[in-house]
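Engineer: As a plain string of letters, each chain reads:
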Amino acid sequence: MRYIHLYFTCIKRSMISRLEYKKDTIVALFSFFFSNLCSLAAVYFILQAIPTLAGYSLAEVGFFYGFSMMPIGLDHLFSDEFWLVAYRRVKDGDMDMHFLRPVPVLFQVFAETFQPEGFGELILGVALITVCALNLTVKVTFGAIVVLIIGAVFGAVIITSLKVSMAALAFIFKRSGPLLQIIYNFSAYAKYPLAIYPALIRTLLIFVLPFGLFISLPVDTLLYGTNNPWLLSLAIICAATVFFALAVWIWTLCERRYESTGS
Amino acid sequence: MLKKYKPFLRAGAIDTMAFRFNILIWAGITVCEVACMIFLWLSVYRSSEGGVDTVIHGFSYREMISYVVLTTIFGFVTYNNDTLWNINTDIKKGTIGNYLIKPISYRGKFAATSLGNLLTMTLMFGLPFYTAALLTLTSLGFLPGLTFPAFFAHLGLFLLAGLCASLLNDTIAYIFGVLCFYTSSGWGLNSLKVTLVSFLSGTLLPLSFFPAGLREVVNWMPFAGMSQNPILILMMKYDLAESLRATALTAAWIIVLELFAKLLFSHAIRKVTVQGG
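Heads up: the sequence lines are chains E and Y, in that order. Numbered per this note's numbering, the first sequence spans residues 70 to 332. Numbered per this note's numbering, the second sequence spans residues 16 to 292.
A couple of the hints might just be wrong.
Result set (DSS-like, lysine-lysine): computed pairs, CA atoms no more than 25 Å apart in a straight line [to be verified]:
1) Lys208(Y) x Lys160(E)
2) Lys107(Y) x Lys92(E)
3) Lys117(Y) x Lys21(Y)
4) Lys81(E) x Lys92(E)
5) Lys208(Y) x Lys107(Y)
6) Lys18(Y) x Lys208(Y)
7) Lys286(Y) x Lys18(Y)
8) Lys81(E) x Lys21(Y)
9) Lys286(Y) x Lys91(E)
10) Lys117(Y) x Lys286(Y)
11) Lys91(E) x Lys81(E)
12) Lys208(Y) x Lys21(Y)
13) Lys286(Y) x Lys92(E)
14) Lys277(Y) x Lys108(Y)
15) Lys108(Y) x Lys91(E)
16) Lys160(E) x Lys243(E)
17) Lys81(E) x Lys117(Y)
18) Lys108(Y) x Lys92(E)
19) Lys92(E) x Lys21(Y)
20) Lys260(E) x Lys208(E)
21) Lys286(Y) x Lys208(Y)
22) Lys160(E) x Lys107(Y)
23) Lys18(Y) x Lys277(Y)
24) Lys160(E) x Lys108(Y)
25) Lys108(Y) x Lys18(Y)
26) Lys208(Y) x Lys108(Y)
27) Lys92(E) x Lys19(Y)
28) Lys117(Y) x Lys208(Y)
29) Lys243(E) x Lys107(Y)
30) Lys117(Y) x Lys107(Y)
31) Lys208(Y) x Lys19(Y)
32) Lys18(Y) x Lys107(Y)
33) Lys91(E) x Lys208(Y)
34) Lys208(Y) x Lys260(E)
35) Lys91(E) x Lys107(Y)
36) Lys18(Y) x Lys243(E)
37) Lys21(Y) x Lys286(Y)
38) Lys107(Y) x Lys277(Y)
Honestly, the hints are just simulated from the structure, not real lab data. The structure presented is a predicted model; accordingly, all values stated were derived computationally and were not measured.
The following block holds chain E by itself, in its conformation from the complex (with noise of 0.2 Å):
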């Protein structure tokens, strides 16, 4: 109960400092928006060129795109602070503050900031996804309904793990923001479906960098019915309850590691 009194003390004293910076995040802003168009254009583009991928057609794709937004918007929201201490707090000796609070240096690091641009991936992947299902003939069961749901949600919490298992490894190698980077780049493959990749990769996806079990696997639920959506549910959950269980283990590990530059 304290800590999510003190969780929302700090978000407003973020907000407040955020707003100090209006111009900035108008900018942000736009940015963003300009960055989803863009990438969304380059989808456009290339199936221009092709008849459908892998037997999806355009609208197909585009839901896929839309629904990859959903988990990764939700973490957007939550944990945009990773970046910074993956890039430059730790190098810069910056976190010497959060060590001398009586309160988890974690938990400190996720109340640091909220990211209200995580709204904006919510919203066009929402548009999006209603743009592109108006287009699509599918007979939707209440049991895909539900497993989209936990998918955005549990998915999620495995992207903000992966964000805290990378960020944490800055206290040992004093710099992992490449790291993290490349990690979460790896959410832009499973923007398409798992089907285009060769078995090798689809493991990966499903098992070790997880995008395509929360991402790809319920999407193909709703349009195709080819997973239980039950066992599927069941599944994402079990994998970002062991996510986040280790994220926590390695980040506190890591910690003890922090060494302040001294100036």
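Knowing the structure of chain E, use the given hints to seat chain Y on it.
Structural biologist: Only chain Y this time, still in chain E's reference frame:
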């Protein structure tokens, strides 16, 4: 005259060396990422009406794979640049004041640092990576356009185009950095810059995939010189005349944008508010 910038060049080079372990991890995982990209393109070519051997917008699937591999190495070697963030930090922490009273140009300092980065990256990673990639791709027949000895002229032009791309990248980062004077924070500006560059430079996909009108416009913009053109020069998809024209265009853009940056800086510097210190 240029001697006073030598320490920055050296610092840039050493700084990059100091984080070489990080860079190695980065390189390792980039390989996985490129593999995924290759599968995406293979699937695109397999799904095309004429089968896998179709030429789509001037690229066979072999050339497309070479393009993806080479642009990735190019981006890795050329864009190790912290200019925007350093300016942002100088503004936020007020350290900008220290530089304004020193008898060196603020712009020159960054250009020298980024050249230092480029030097280290090219020697430590560019040389082995390009050699390995070119040897593998040619022996697999993935670079059908390559002919010897004409290749050596293209290689020379590619190095020049790479230098231009790195300078241009630094100029653009600097302009966006100076814009932080107005917004007081670099988050939004940085993501805008990253998107602009990766989409319009042909890193995301070759510009020939763009619809005709847009393609014409983008080809005249500075960004194509930052990724697509150097790689097409190296792959010998451009003949010598085209290569020279593309590189000259990039060089011209550097001059124009440097002048713009100078004007912008002299306006922005009046806006400086050192925050708290």
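Engineer: For this structure, which hints from the list above don't hold up?
Structural biologist: 6, 7, 8, 12, 17, 19, 25, 27, 28, 31, 32, 36 and 37
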